[in-house]
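Spelled out from the first residue to the last, the chains are:
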Amino acid sequence: MQGAIDVFGALRAIGHRFVANIDGPLFSIALVILSIGLATLFSASSGFPGRVTGQVINIAVALTVMWLMAQIPPQTLMRFAVPVYLLGVILLVGVALFGEIVNGARRWLHIGVTRIQPSEIMKIAMPLMLAWFFQRREGFVSWREWIAAALILAVPVLLIAKQPDLGTAVLVAAAGFYVIFLAGLSWKIMIGLAILGGVSLPVLWSMLHDYQRRRVLTLLDPTTDPLGAGYHIIQSTIAVGSGGLTGKGWLEGTQTHLEFIPERTTDFIFAVYSEEFGLLGNATLLVLYLLLIWRGMVIAANAPTLFSRLLAGAIVMTFFTYAFVNMGMVSGILPVVGVPLPLISYGGTALVTLFTGIGILMSIHQHRKLVPT
Amino acid sequence: MSRTQFSDASSDVRRFHWRLAIAGVAVFAAFSVLFGRFFYLQVVQHDYYQTKAEDNRITVVPVAPNRGIISDRNGVVLARNDAAYTLEISPGRVADLEGTIDGLAAVVDIQPKDRKRFKRLLDESKGADSLPIRTRLTDEEVARFAAQAFRFPGVEIRARLFRQYPQGKVASHALGYIGRINDKDLERLEAEGTLAQYKGSQHMGKVGIEQSYERELHGSPGFAQVEIDAGGRALRTLSSTPPVSGNNLVLTLDTKLQEVAERAFGDRRGALVAIEPATGGVLAFVSVPTFDPNLFVDGIDPTSWQALNEDPDRPLNNRALTGAYPPGSTFKPFMAMAGLELGKRSPDYTIQDPGSFGLPGVSHRWRDWKAGGHGAVNLHKSIVISCDTYYYGLGNDLGVDAIHSFVGQFGFGQRTGIDIEGEKPGLLPSQKWKWDRYKQKWYAGDTISISIGQGYNLATPLQLAFATAILANNGVVYKPHIVRYVEDSRTGERRAVEPQPVRTVKLTPKWVELVKNAMVDVTRPGGTAARAGAGAGYQFGGKTGTAQVVAMKQGEKYDEKRVAERHRDHALFIAYAPAENPKIAVGILVENGGHGGSAAAPIARQVFDYFLLGKLPDRPAATSADDDDD
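So the protein sequences, as listed, match chains A and B.
Sequential numbering of the first sequence, starting at 306, is according to the numbering used here.
Sequential numbering of the second sequence, starting at 1326, is according to the numbering used here.
Be a bit skeptical, because a hint or two may be false.
Stretches of chain B that chain A covers, calculated by requiring three or more beta carbons in the stretch to come under 8 Å of a beta carbon on chain A [said to hold, decoys possible]:
id, segment
1, 1344-1356
2, 1455-1463
3, 1549-1555
Just so you have them, the derived chain B footprint on chain A, three or more residues with Cβ under 8 Å [unchecked claim]:
id, segment
4, 543-552
5, 628-634
Hint data in this document are derived by calculation from the structure and do not stem from the laboratory.
Quick caveat, the model's predicted, so the values are computed rather than measured.
Beta carbons are placed, not taken as given, at the ideal position from N, Cα and C, and that holds for glycine.
With the hints as constraints, model all of the structure from the sequences given.
Now the structure itself:
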């Protein structure tokens, strides 16, 4: 009897240790969204058997990564900020020089047996690096620091945009911008930059690749190319619109099951969800994302160091950016850029990146009282 | 740590919280925009997108009707429909046709001739939604393709009904064939206003009965609402209106008789039409050589087409319907009727035949086929031995216009109106015709040649049979027709075709009797078709004829053996049987057959033997020269 109780106690203690760093609210919300994602994927993948099991494996890997990240204290993370960032930049340069071209874009780098997409590393490395940068200069941020920060931001973003991978470039730039914004970049500079951006739009336009321009143009009027570039937007908009208030029901989406929706397990999975679950489903998903972001913001607000505050804030805002850009693109108010719907789109890389971020948030939350400023 | 730093840090935290709050508001605002967009699409514009999605999903597909079945008077099926699988490509949905066909060739057997045919179909019908690259796939090929179908968007297996002509080459000139609807056909259907009937149809009648009874045979299409996927593949039928099948045709044709007649020609070229005098029903409609109509159904491949088209024997030529030949001496019975009815000749009127005929003031002399002549010849004998000189004088006495108007009553020089399209009218000349045609006046000498069925005279084998049938029927004219009745596909109700006599040629019975008796004697000892008539066991009337292919110079003697086969005379024979109560009348032409009595009359005998006695010949009709004739 006594021995048994001891065993249970030991197990409980081990279990407690195991989940100690896992943030309950954040994890629960993520699990709910993941479940919705799996159900939607099951419907969307009628033509791709094995996608659901593949995604379950992806989730398992991503949760493991999350757990590991949750164990690493923010100070340790801080030590990795510069090396990871530099490694990322070196790899991006490597991609630019030796990268493998897939679908007209140079995104992949072969390393021994596997190939990696270094731009993905930057999604975490960028806020990590900038947060580290501002932490180092705590309290003394002059215009020189802002320019240095802008350079830290610009170099990888331009390398990624050059590949070209507009979607990832936007996400990495956003992640970096959120750190700078939260660090307190003056409104004057931001407004000045906005004006400068508006003025330089024509210049940017001339720098865009043909396919990127086409995407922007077909966004403005998809009907000009109904079978070509506009097809994605037209069909996904029809899917969303025909979903109506309550949707056509799970597994009942005609746009989905008759294969009118392109890339319906990855970037356009929201069209599937939206068609089958309607406006009520969409509202539910928006609320779930809001809850996730809210919890992340609470963690950021309570974080003990500038580094962890900035990092947590930027990670949360990156989640928001993923969700907003993807849903905006599928419903036809943003250009088609390759951004997956967080926690729902099929794909291991995005999941690992997202759960790395969630793991970091959990770590920040768990270690908030352990480290005095 | 110093106090200043701490307060700095606390102001940092305040600023951070302030900034985070702004970010939170931005997030909420952005999500509100998204919600607004969703509300707009899913509530405000829902009906519009709902319709769009339905339009995407549902397409109305026409369902082609089953074509009517054609069978002969005894129920022998001549044209039917067979279900088979085809592999079809939608050219509009395939970017790289060549590449796709190469890919398909690895899955199913695709021969060079299939590719050629596909190309030809593609050229002929640019607007077609789907064209066959392979027809009649085996079950194994269907299974193999089905497993690979995802690799070939725009390529589909379809179950189609194919026209099949189970009797093959038999009666193909009467039946004709169907072929794929090409751009020209579409234009014509559009002009006729019947294009709607052809939604979903890919074939239509091109030649023969298949063409002339297209309206009956085709039927009306049905429609199905079908759910399709983004690749355009049909997934399931939501609702449907079934098509109305085309009506069936029952012919007057007797397939067995047709076969006997076709075989009787052996390897010769020619034509035969057999008509039932009492109804005008066509019992046999032969033009040899024939062809296999099955070749045309899926679009004939260029190799077979070339072979048929360049064959010197012209198997695609419908000689019975469109071959116009000088009727030669088969014209004489009708001339004799004209002489009697118009009072220019009496039965007793007798000439002394010197072997040639001259006109006052004309140096040319028209020779009889028999050098030295036939001696004393009256009307009866003129038919039995086919005396030319008798008719030279008769023609001269009648004059061309009298011949034209009297003999024209037997259908010469005009279309018979048979229910097969493309009939040639032949030619029965008149003074007016020559003036209209050549701006020349008619010479008395022109009439002389006309009198023995030469000169400008031209008649189709169908016209010969028709004229013979009218004579056999004592002047009562039934329009020739090959369809006995049309059977409604829904009610089974039968609509007879042309059951009533259309007109009557006014003939005096005793003159008819006289001419018919002479025609019977043609097939008896002493007549020009005596050999063909020997031992028949029934009496039949006939008249031999020979039509010159190459004109002979004055004083030249025709030597059959020296003349190249293609320059030999055409052999003709008209006949009816049995003599006392004619059940069948035939017109026969054997191209370059030589003499009517030896080459054409034996064919009539085999046809009669089978038709009247059920006797099947053991070999093609004899063609060796034996009888004397014209």
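Consistency of the hints with the structure:
1. 1344-1356: holds (count 8)
2. 1455-1463: violated (count 0)
3. 1549-1555: n = 4 at 8 Å, threshold three: holds.
4. 543-552: holds (count 8)
5. 628-634: It holds, with 3 qualifying residues against the three required.
In summary, the structure is inconsistent with hint 2 from the numbered list given earlier, while agreeing with all the others.
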